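If you're matching them up, the sequences are chains H and V in order.
Number 447 marks the last residue of the first sequence (the numbering used here); no jumps.
Number 1331 marks the last residue of the second sequence (the numbering used here); no jumps.
Calculated directly from the structure, the hints in this document are not laboratory data.
Computed from a prediction, not measured in an experiment: that's the story for all the values here.
There may be inaccurate statements among the hints.
[Unchecked claim] Computed Cβ-Cβ distance ranges for the label pairs, DEER-style:
(1) H:P257 to V:L1050: 51 to 59 Å
(2) H:G439 to V:T1314: 22 to 30 Å
(3) H:S443 to V:Y1315: 26 to 34 Å
[Claimed, not checked] Covered stretches of chain V (chain H as the covering partner; in silico rule of three or more C-beta atoms under 8 Å from a C-beta of chain H):
(4) 1094-1103
(5) 1237-1246
Glycine included, C-beta positions come from ideal geometry on N, C-alpha and C.
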Amino acid sequence: MKTFHIGGVHPEENKLSAGSPIREAKLPRQAVFSMFQHIGAPANPVVKRGDQVKVGTLLGEAGGFVSAPIYSSVSGKVSKVDVALDASGLRRMAVTVDVEGDEWEEGIDRTDTLVRLADRPELDGKTIVEKIKQAGIVGMGGATFPTHVKLCPPPGKKAECVIVNAVECEPYLTADHRLMLEKPEEILVGLQLVMKAVGVEKGYIGIENNKPDAIALMAEKANQYPGIEVVPLKVKYPQGGEKQLIDAVIGRQVPAPPALPIDTGAIVQNVGTCFAIYEAVMKNKPLIERIITVTGKSLSLPSNLKARLGTPFQQLIDECGGLPEDTGKVIGGGPMMGKALMSLDVPMTKGSSGLLVMKKDEARRSEPQPCIRCAKCVGACPMGLEPYLLAKVSEQFDWDAAEQNDITSCIECGSCQFTCPSHRTLLDHIRLGKSTVMGIIRSRSAK
Amino acid sequence: MENKLIVSLSPHVHGSDSVEKNMYGVCIALLPALIASFCFFGLGAVTVMLTSVLACVFFEWAITKFILKRDKLTILDGSAILTGLLLGFNLPSNLPIWIIILGALFAIGVGKMTFGGLGQNIFNPALAGRVFLLISFPVQMTSWTDNVLDHVDGYSGATPLALMQKAILEKDPSVLNNLPSSLDMFLGQTEGSMGEVSALLLLLGCAFMLWKKIITWHIPVSIILTVFVFAGLLHLLDPVYAAPLQVIFSGGLILGACYMATDYVTSPMSHKGQLIYGVAIGLLTVVIRNWGAYPEGMSFAIIIMNAFTPLINTYCKPKRFGEVVRKEAAK
């Protein structure tokens, strides 16, 4: 069975919510829409206090090419256009809507009827990309890179295939898994749309073999979709990393930066993104809701929720049994790459794939011991780097050494720190080094 | 805020590996050979081993507390115990206790703590202790008692290694006829230091470490293969050189290849570097054994390559992701 070729670790899977069907979360009383839900330029608010909005009303327009518009996921009255705390812990521009009823904009198809590509022969690549751009779709695995940008390869680069990232290698998360079980054909049509948009004939769906039911179902449905192949993958973290997935599925490795994944001819899209693309193009529905896994060993009801964007995390946790007494940490995303939240009074965004509650004893870090140079971090690094060295030179502020040792190739997957017997905070230091070195490189090229 | 949340950077989970697990793992791997050495050498072995381990732990505790004045004591992390065990395995079972204590002081004091303790040392502490003793007390360090199971009567005190060197010096291959068979050496019926006798049990422990992912195969396999090939070539060219299997199963080669050369702190970080390190140790060992002043070359070979480890780390980088593509594109 295929997998990527360098490093990797095996965290405990803990897919507690894999068996629980997606259920719809309640409407929030108040929804907060951050203008910073994607990588790139923030969106600019186009509504003002007192405006009436419906589900699907534009709240913020894209702030540039690498940006995405933001739509309201609720109907009601705009109560605030001001800075608000978001999941990153920063106070940033956001639009707050007080919810009244549930009225939708005209033209959004809310039925469950499957619309196939054959039903819409008039669609061409350009229209599809334009629709995706208008709908505000971004990478929903967590990276939140605007999708339309990925579908417009830079001049001279040609896409050869599309790979759907259905790996979900983060422990605990099951949102993509459930989506595949419940909306397989929608995902396949979404993939067809992407293939048509970039003009390729070949599509792969990479699924780790800890989801045999999803592999079987997707493979069965994919039979009716020419050019689409389901690729079962051996379980190994971080297989859901874009570069690792391309390596695993088509055996090509993306060279070091500034090279891009498109240099291998592959365009990678997350399962959730494919579903959102389907809804945007076929159902005329902008990105206003997503599946989020709310989970944790101490949570009484680990679930997969279909929730409106802007819903406060506190409410989602309440719907899954409430926050347990001994909670030490709540993580937005999975345990390997997710961000610890400062407060639960922040809204979910386009990139919120999970919400993980950790008990106090799970949440504490152990005291770091001296590095014993066991080289386990070197063996675990999926990018073939030397984490012990990068962490050391970053601690010493030796940015030249950090750059020479390819610190910018780090994908911050956390495998090194996960595996370190001395419990060293390798990635903390490497992040500092990486961002500093990237800053140095930028200022050098600006001169 | 009534319920404060902990905020830290990812990853938020840990694989539960620890320094202790690795150190005690190696100790467990050494257990069969330890018990065998007690059987072979009797009470003397128990005394040597106990003295060595207790002295190492004591010196680590004393130096941390009174000289470095650190609050956090490190004697329970298992590294001092392991150093003591490995040092003990490298000593003859009839060595006077005061010499063992001196060796432990050098191993822990000079070999490890002068550099700052665990993780900082350049040379393997146990080997530093052994080499110090070997140079300072050559007579005591090379007069072995009879292995109680030994079948080679009349050769007590002359180890297979000494015989091999004698054969080369006297250019007389018939000396090698006095060697025990390689099967006997493999099972442990021979002369030598405590940990040099049973290759079988040491290899068993090594398999355990590989299974537990405490070490990777690169260093032990590259050392043993190199010795096999190099010694085999010499044996083919001139029969005064012993047969390769006898070379591998004699002296401290297996102990060195599996337990001493694989020491985390003093061996290279990348697999490529580990292979270079292993091959170099193998070559140096055969060279020193055959043409050097001492019959055993393993300790010296490892110590010499320990010194090269930082250099190897500088030049041997792991294969980066995408490197292959980059090289192809450059062509």
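Status of the hints after comparison with the structure:
1. H:P257 to V:L1050: 51 to 59 Å: Cβ of H:P257 to Cβ of V:L1050: about 57 Å, so the range 51 to 59 Å holds.
2. H:G439 to V:T1314: 22 to 30 Å: Once the Cβ atoms are compared, 26 Å apart, the range 22 to 30 Å for V:T1314 and H:G439 holds.
3. H:S443 to V:Y1315: 26 to 34 Å: 30 Å, holds
4. 1094-1103: The restraint on the region 1094-1103 of chain V is violated, since only 0 of its residues have a Cβ under 8 Å from chain H and three are required.
5. 1237-1246: violated (count 0)
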